[in-house]
Each structure stands twice: as C-alpha cells, then as structure tokens.
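2 protein chains.
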Amino acid sequence: MSVRYAEDFVVGTEYRFGRWPMTEDDIVAFAKTFDPQPMHTDPEAASAGQWGGVIASGLHTMAVYQALVVEAVWADVVGKAGRNVNARLRRPVRPGMVLTGKAMITEVTLRPEKGDGILAWRAELVDEASGEVVLIVDADAVLYLRPAA
Amino acid sequence: MSVRYAEDFVVGTEYRFGRWPMTEDDIVAFAKTFDPQPMHTDPEAASAGQWGGVIASGLHTMAVYQALVVEAVWADVVGKAGRNVNARLRRPVRPGMVLTGKAMITEVTLRPEKGDGILAWRAELVDEASGEVVLIVDADAVLYLRPAA
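Read top to bottom, the protein sequences are chains A and B.
Taking this note's numbering, the leading residue of the first sequence gets 33, the next gets one more, and so forth.
Taking this note's numbering, the leading residue of the second sequence gets 33, the next gets one more, and so forth.
In short, the hints are calculated from the structure, not lab data.
Some hints could be false.
If chains are identical, the list can't say which one is meant, so a pair holds when it fits in one copy or spans any two.
Cut-off 35 Å, straight-line C-alpha distance, at most; resulting in silico cross-link-like pairs (DSBU-like, lysine-lysine) [what the hints assert, rightly or not]:
| # | residue 1 | residue 2 |
| --- | --- | --- |
| 1 | K112 | K64 |
| 2 | K146 | K64 |
| 3 | K134 | K64 |
| 4 | K112 | K146 |
| 5 | K134 | K146 |
One chain only, chain A, in its complex shape (with noise of 0.2 Å):
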C-alpha cells in the first residue's frame, strides 16, 4: 500500500466525497446517543414543529462529513492527528437527503525540525439533489513527514 506523508499534499488539489444517505433511522438513531433533543429524535413531536420533521443533530452532519473526507484524503496517511475542526452549519439535513461534497487542500505548513507538516483544508456538504451546501468545515491536522531512506 502506497502511503502519504506531509509533503505529498499539494494546496489547491480538490478531492471529491462520496455519497452518504441521510435515513430518519440513522437521524433517530445517532441523536439518540449524543443530541436527545424531540428535534432530532422524534419524528412526531418534531411534525408539528419548526422544521415539519426531524433534522439531522449538527453533530450527525459533522460525523458524516468526517466519514466521507476519510474516504476521499485520509485512507492512504498515517500517523494524522486533528487539532481544530471549525464547522458552519447553514442549512437542515433531513431524512432523505444524500450528502456528498468536496474538500480543497488550503495550505501545507512543513516543520521539517519537528519531522512533522499542518496541513488545512476547507470542505463542503451538499444535498446532492439541490446542490445546497448544508456545511462547510476548516479543518487542521499535523501529519509525518516522509522518514529518512
């Protein structure tokens, strides 16, 4: 397997997400656990409410963008460790929805003296069937740089 280091990464390259469906059952399911507001995890209650049914937890939206820019970037790299996650929410995610979207590689900051290099990135969540962006994310992580030969 082919592996990535730092100084592989190149500021403007775009990586396009998969495709991530958005069932109430997942919605229930995951608010259940980590955002147990009626909103989110009751589909009658939140009928009646401000959003005619239950949306996905902001935090829901944010695991999935996670799951799809592990996918498109990460699979290949080792050793990378997160330091900030800055999300905007801008729009409701309901049942029924496909998620997809893109992240763009912002800036490679390499620090050769630590054998380490941050890279940042912006992406985007949209509901595939409108094109709506639901969420953007900047995002930093640390990653190795290439050992030695």
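Starting from the known structure of chain A, fit chain B onto it as the hints suggest.
Positioned in the frame of chain A, the structure of chain B alone reads:
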C-alpha cells in the same frame, strides 16, 4: 415543563457537565461508521502505533461534548438551531477516560425584529482523572425569544 428562551440566558453563567465514560468498544464502534482509520478502529494495529492503543475519533469526542451540553444546557430550550461549532482537539482521548467539563455563556445578542436571539458559549471537556483539557469548543446557536403573552 418550564421552557427557556434566548432572553433567559445570562453572560457568564457556567453549566457543569455530567460524566461520560469512554470505552474501547464505543470508540471502535463510532469510528467504524464515521472515522475508519486504524488508530481508532483496530486495537491491535494501534498498540504498535504512535499512541500505544486506539484513541477516540475527534468527531466522537465532539459528539460526546454535544451529549453533555444538551443535558446540561439545552434540556428545556425549544427551537434552537446550531450555527457554528469551532473545536480544538487538545489531547488524545483514550479508552478508560471519563469525560466531563463545563460550558459558559459568552454572548447573548437579542434580535427582537427577528423574534430570536443568538447565544454564544465556550465549553471545555476534560479528562476527569487528570483534569487535563481534551477539547475546547466555541459555538453559537439561534434561539427563540419568548412569545408575547
């Protein structure tokens, strides 16, 4: 049930969180769905890695933050819509840790013309045993104002 609205929050109020034990099973299960990297999902491979065992996905730690803040702050608030979640992952979270912490209201901006208010807060999650901070979150949300009687 009493219900709280935007104008019921006061800058400087501190909310203490409950306790959330982090188990290896939960760490692996969360990561298999949302962050499938060996440092989170494979205890054997991770034991030879940089952390000496699995560590929680940063998104898992953030989801635990959400569970604790919902319990401590949002239980009697209706109509909240999260906007921004800015998370700084400070230390690895390991199986056996118990996470707890607190949140403090940092800003309350009422918008009578829109019938809502924006609430901002800072939260910290700490490892209960050591007191070390593992996560800092700055976040905000839109809340309803109290309806006219």
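Hint check results:
no.	hint	verdict
1	K112 with K64	both (30 Å within a copy, 17 Å between copies)
2	K146 with K64	between (42 Å within a copy, 31 Å between copies)
3	K134 with K64	both (28 Å within a copy, 21 Å between copies)
4	K112 with K146	within (14 Å within a copy, 43 Å between copies)
5	K134 with K146	both (30 Å within a copy, 33 Å between copies)
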